[in-house]
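Asks: In the order they appear, the protein sequences are chains A and B. The first sequence runs 1 to 396 under my numbering. The second sequence runs 397 to 626 under my numbering.
Please note that the accuracy of each hint is not assured.
[Claimed, not checked] Computed footprint of chain A on chain B; a stretch qualifies when at least three of its residues, placed anywhere within it, have a C-beta under 8 Å from a C-beta of chain A:
1) 470-481
2) 485-492
3) 501-507
In short, the hints are calculated from the structure, not lab data. Just so we're clear, the structure is a prediction, and the values are computed from it rather than from any experiment. Where a beta carbon is used, it is the ideal one built from N, C-alpha and C, also for glycine.
Spelled out, the chains give:
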Amino acid sequence: MKLYQIVVKDVTRRKKRMLYASLGVVIGVATIVAVLTIALAGETNIYGQLEKYGANLVVMPAISDIDVGLGGLSLGTLAVGENYISENELPRIRQIADGKIRTALNIEDEGDIATIAPRLYVNTEIRGTSVIIVGVEPQQERQLKTWWRIQEGEYLERAGQALVGAMAAELLELNVGDKIALNGREVTITGILEETGSNEDYQVFLHIKTAQEAFDKEGLVSSIDVRALCSACPTSDIAGSINGNIPGVRAVAVKQIAETEMGMMEKVSKFLLALAGITLAVGCFGVVNTMLTSVHERIRDIGIMRAVGASRNQIIKIFLYEAIIVGIVGGFLGYVVGTLLAYVVGPLIFEGVAVTYVPQYFLPSLALATFIAVVATVYPAFHASKIKIADSFRSL
Amino acid sequence: MLEIKNVSKTYGQGTAEVAALSNVSFRVDEGDFIAIMGPSGSGKSTLLNVIGGLDYPSSGEVILDGKRIDNLDENDFVDIRRNKIAYVFQQYHLLQSLTALENVMLPLTFCGLGEGEEKGLEILKEVGLGRRTEHKPGQLSGGEQQRVAIARALVSSPSLILADEPTGNMDRKTGKGILDLFVQLNREGHSIIMVTHDPEIAKHAGQTIVLQDGQIVNSIDQNGGKRNGD
Numbered sequence: 001m002k003l004y005q006i007v008v009k010d011v012t013r014r015k016k017r018m019l020y021a022s023l024g025v026v027i028g029v030a031t032i033v034a035v036l037t038i039a040l041a042g043e044t045n046i047y048g049q050l051e052k053y054g055a056n057l058v059v060m061p062a063i064s065d066i067d068v069g070l071g072g073l074s075l076g077t078l079a080v081g082e083n084y085i086s087e088n089e090l091p092r093i094r095q096i097a098d099g100k101i102r103t104a105l106n107i108e109d110e111g112d113i114a115t116i117a118p119r120l121y122v123n124t125e126i127r128g129t130s131v132i133i134v135g136v137e138p139q140q141e142r143q144l145k146t147w148w149r150i151q152e153g154e155y156l157e158r159a160g161q162a163l164v165g166a167m168a169a170e171l172l173e174l175n176v177g178d179k180i181a182l183n184g185r186e187v188t189i190t191g192i193l194e195e196t197g198s199n200e201d202y203q204v205f206l207h208i209k210t211a212q213e214a215f216d217k218e219g220l221v222s223s224i225d226v227r228a229l230c231s232a233c234p235t236s237d238i239a240g241s242i243n244g245n246i247p248g249v250r251a252v253a254v255k256q257i258a259e260t261e262m263g264m265m266e267k268v269s270k271f272l273l274a275l276a277g278i279t280l281a282v283g284c285f286g287v288v289n290t291m292l293t294s295v296h297e298r299i300r301d302i303g304i305m306r307a308v309g310a311s312r313n314q315i316i317k318i319f320l321y322e323a324i325i326v327g328i329v330g331g332f333l334g335y336v337v338g339t340l341l342a343y344v345v346g347p348l349i350f351e352g353v354a355v356t357y358v359p360q361y362f363l364p365s366l367a368l369a370t371f372i373a374v375v376a377t378v379y380p381a382f383h384a385s386k387i388k389i390a391d392s393f394r395s396l
Numbered sequence: 397m398l399e400i401k402n403v404s405k406t407y408g409q410g411t412a413e414v415a416a417l418s419n420v421s422f423r424v425d426e427g428d429f430i431a432i433m434g435p436s437g438s439g440k441s442t443l444l445n446v447i448g449g450l451d452y453p454s455s456g457e458v459i460l461d462g463k464r465i466d467n468l469d470e471n472d473f474v475d476i477r478r479n480k481i482a483y484v485f486q487q488y489h490l491l492q493s494l495t496a497l498e499n500v501m502l503p504l505t506f507c508g509l510g511e512g513e514e515k516g517l518e519i520l521k522e523v524g525l526g527r528r529t530e531h532k533p534g535q536l537s538g539g540e541q542q543r544v545a546i547a548r549a550l551v552s553s554p555s556l557i558l559a560d561e562p563t564g565n566m567d568r569k570t571g572k573g574i575l576d577l578f579v580q581l582n583r584e585g586h587s588i589i590m591v592t593h594d595p596e597i598a599k600h601a602g603q604t605i606v607l608q609d610g611q612i613v614n615s616i617d618q619n620g621g622k623r624n625g626d
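With the rest of the complex left out, here is chain B (with noise of 0.2 Å):
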């Protein structure tokens, strides 16, 4: 469903230019759940970016279900954010002056479909947080409000959710918790992509693609051990 082909992307020009990625290719396909590893500073965020369209590359090509959607434009990409692609962030970003049920509602704003309080209850049920609909961001623990962007994000029924170290402000146990959400999700057919720090979480994922000075150094297949990235 989606391909990354010979992504690059530098930042600055002329000898203060910086390669976030270099020539990085991959695939994903229907109900992947695919790791990305690395140190500080490798390209991981860079990369989700680029796939999320949230940054265009520089060069290379990203395709969706067949289709180029590196060079769309802004409004041509709002299509593809509210039907096919969500994310997930480690500061969860959330809206403060909404309750968890209003954030969970605010795709389904954007796209005008209704009030959509009752598909974002039934959401908030599904990700465990069926009795704290009506809490401020404020009011949640850090779990709490990483479920409430979870659910956000599975408000539209995107066919692949984007998670940059969705579980990296939390405590072990808690981010159990998040990563068990995650792995549930991509049984009932998800795919994920998630960038983290911690191997742990990686095992759980089908796929781990580890990064360094923004080029694929690594692939690992948890089925049918190492493939390079192609």
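So here's chain A without its partners, still in its complex pose (with noise of 0.2 Å):
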């Protein structure tokens, strides 16, 4: 028999008063572990934002609305008048796009590079609804919306042709081959979209030129997204460029807006993660107490085996193999109860981030729960080696 066989034993006699003596370190390594998944699950929400949009720049109007504020206080913003683009300023948003990728990207090629995607953005009632309607270059459109699928019909092509968002293809019961005036101007429904999960869904797509007729709005667009090469393109720079050379514009690169999130995001699991340590460092405490009364609890126990050869190293390893099984089953249930915490909590703190465990989180987590049961019982594993074997025995 080894020593470890008789902790072992014993622990398995006294399951309840383990479970309560591990408690401490559960909460703990629960809170990390919980804070981990839940910023891990937001980082990689945001990675893939930024594959999906990262290579992008979005140019609207400069003064399309106006920040309202106080003072530091942003009160919102505020859309002042109807404000466009001219289509004049399309070449050379294109050639500042593309120049600096061939710089970037030591390109010699003197194609088109970027994707350039006007959009103009009407607001009208459709059988009486308020849509809205939005003017596309079809072929700039698609190699933008990667994830667009046809769920019946046929993409847009043409002048004349309009392509439906789901929700409003139903909400308006709206079919392929049916004709609608917009604003006068009647179009065909060639086709609609399959349900995106964004508020594409909820718009009507024509061709630009369509669009721009229909309304009155010939040689003008609301926004304009670029998107560049590749997730590495300067797309900071492009838009910087785009700011600097053409006056009435704002350019914003996406990846600028996912840094500002992420440093966010980075800020507050780092404030989480304290309060995290601080129930980690308050649950080792727990422990510590419970390894007290469980050595009080034996003290006629530790009487016996001293009285039958122990020597106080010994007694001391006794606790801290009972330390460690604490430790491993606080572990595995902080890894659980943490894991679990995330799935409730996560979509709380960051809107719409499908949270997955983590396996990557499950060792680390038996370890910082062993470290912690072990270290926590350093101090009444020594107060167990110092009693004296007739103390043990008197105080029955």
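Relying on the hints, combine the two individually framed chains into one complex.
Replies: Here it is, written out as structure tokens:
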């Protein structure tokens, strides 16, 4: 029989006490696992967005809205009138974007590189319901919206055609082949999109020329999406150059937005992690307490073991083995509870984030819990080893 | 083999000082069976604890096999508990989470001496518990538990067994069985010091030391009549 076997037999006899002892570790580890799991989910979400839109920048009219603020307080934005960008700016935007990418990636080719998709947004009514009409350049738009799938019919190609978002089609009871009048101009529905989960579902897409003609906006666009060749392309540079060279427009790289978001999230995560650390420290004291109680409960057993030949070090070892068991149990439960907590709380902290369990956190959870349990047991174990045998029997 | 010289033990300090043992001296030779008797609070258990190193004397010497052991530090005393002196308690003091056999093997575990299962089984058979080796203390009667405790004391082949009222918790019949076991062990050559209340039990010992208020008031040698504690 080995020393650890004595501990295992004793621990299995006092399961409840062991579970109680591990509670402090469970709470601490659970909080940390939950925070890290949620933070990772948030990060993955942002990276996912970056993957999808990372190469993009958006060009808007410079005064499409005005920030309303009082001192440093932002009170939101106020749209002022109808603002548009002239179509004439498109070649210059292309020139700047392609030029920057060529320099950055050392490309000699003279052809078009970036995807440049102008859009015209118009609010109108179809069959009495308010709908947003989006005029697009069909080929460029398609390159941009790689996630679009046609549910029915065909993709938009020519003037006079319309592509309808899934929800819009359902709400307005529109079918492929239907003809609808937009401000007096008749268009034919050629296709219906699959649901994407974004506001595109409620929009109706036309060829930009059709939209401009129908709503008397010839030569005007509301915004221009620019997609560079790659995520590593200098989109911030392009945005800066557009802002500097073309008056009346404002260009923002999606990457910049994502970086700001990421920074915010890191701050929140760090704060939560600090709280979790405090929880762990408190839990540690909990373990010290339960272990001291455990020592007191077992004063007699300690005396017996000492009387039949256990050395002080062996008594310390017995309690440290016990701590390891408490740590492993606590780490396991902490990982499980923390992951469940992340599933419940994660979506409340970062909206729309899908939390998934992180297997890589399992072993570190065990290690951390064991470390904490062992550290918390050093003093109680030392205390146990100091007990005088005669006193331990007298205390009964 | 064991010599107790002028051992005193006091508890407390100043006016609250209580003498549990004062100036106790006697000798134990190889193969002796000594009974220590006396009323409650006369210092019997304290004496046994001092001999076994469970407690330190305030003054005097305890000499085992020619070496002073009363001033040993804890770590050195561990060796003595592992090899030379073993205890049997009134309350049995078995670990509840272990089986009879595991309790017997416990001293070997602390010595780091392999499995020891065969030796444990053999000794359990010797004390008459060959059929109840896998039972836990809670499933054994008082007499059986004390047999396990005796087996545990024997497993490390000690030269001296200290027994503190080993039959104190038992009815007469069970106590007789345990006493017979001690007598048999003594015949096999084990030296035994036993604290007891029962004069009947003391009759089986070779020598009886009577304590009162921490002093030896009488020493009876069953073989050679009275002798004074020297």
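Asks: Determine for every hint whether it applies to the structure shown.
Replies: Okay, the hints, checked on the actual structure:
1. 470-481: It holds, with 5 qualifying residues against the three required.
2. 485-492: holds (count 6)
3. 501-507: With 7 residues close enough to chain A, the hint holds.
Checked against the numbered hints given earlier, the structure satisfies every one of them.
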